[in-house]
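Chain B: place on chain A using the hints.
Respectively, the protein sequence lines represent chains A and B. For the first sequence, my numbering assigns the number 1 to the initial residue and increments by one for each residue that follows. For the second sequence, my numbering assigns the number 140 to the initial residue and increments by one for each residue that follows.
Because the hints were derived from the structure by calculation, they are not lab data.
In silico DMTMM-like cross-links for lysine to aspartate or glutamate, where the CA-CA straight-line distance does not exceed 25 Å: (1) A/137 with B/153; (2) B/197 with A/73; (3) A/137 with B/200; (4) A/137 with B/199; (5) A/137 with B/179; (6) B/156 with A/89; (7) A/137 with A/73; (8) B/156 with A/109; (9) A/93 with A/128; (10) B/197 with A/109; (11) B/197 with A/28; (12) B/206 with A/109; (13) A/137 with B/182.
Where chain A lies over chain B, by a calculated footprint (3+ residues, C-beta under 8 Å): (14) 170–183; (15) 186–193.
To give a feel for the contact side, a few chain B residues facing chain A, derived at Cβ under 10 Å: (16) 198; (17) 200; (18) 201; (19) 204.
Quick caveat, the model's predicted, so the values are computed rather than measured. Glycine included, each C-beta is placed from N, C-alpha and C at the ideal position.
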Amino acid sequence: MTAQSADIPAHLPHRYPFLLVDRVLEREPGVRVVAEKLVTNGEPYLQGHFEGRPLVPGVLLLEMLAQAGGFLEAASLHGSAIFLAGVQDARFKAPALPGDRLRLEVHAEGAFAGLMKIRGTVSCEGRDLCTAALLVKRL
Amino acid sequence: MSDLKLRVKDMIIERLKLEGMTPDQIDDDAPLFGDGLGLDSIDALELVLGIEQVFGVKIEDEAAGLKAFKSVQALTDFIAEHTKA
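In isolation and in its complexed conformation, chain A is listed as follows:
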């Protein structure tokens, strides 16, 4: 299923300024998702992070992966967010900057008792910026 489609606001409960997925490029529920986030100078957090040297906070790269992970769920999450339960092996290799087209790639590693482990990479033009494993829980 390709999902330019994905009516993103219908699927994720997140809203401006915290909706951090712009497009879903590839989607195999339960297996793998590739999404995109386009970073612009207008992002509210860039105003102070940092003054004169805007770069996307690392924790927001993790949040982008978590939100992309929301599309691993087959059904819409509207009204029932998934929550972060853990972050493992997070590495930040290079900064994400205004103008970057970020590729958010996540795959499901396994699930048990309502918890899912996903592994993801944020990259830009073929260069990895951030890799991490996330534990998410649907409530």
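Okay, now just chain B, sitting in the frame of chain A:
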């Protein structure tokens, strides 16, 4: 200690990063969750993934988990039972 039980304990220690713990410090019959090793639900998912990776045994659902995670002994028995040719 049976060879399989030792491998199960090694897997638990490695997967859950129980640094400084040795296999003989894990009681065969103590519960893995709650009072025994005091593991939580994130540890449970890590164990499910570790058991699949190391022993090729799937713990399909919570009912199977409830049985397998009673103790190291129960987990060893569960793996032995599901790896029989």
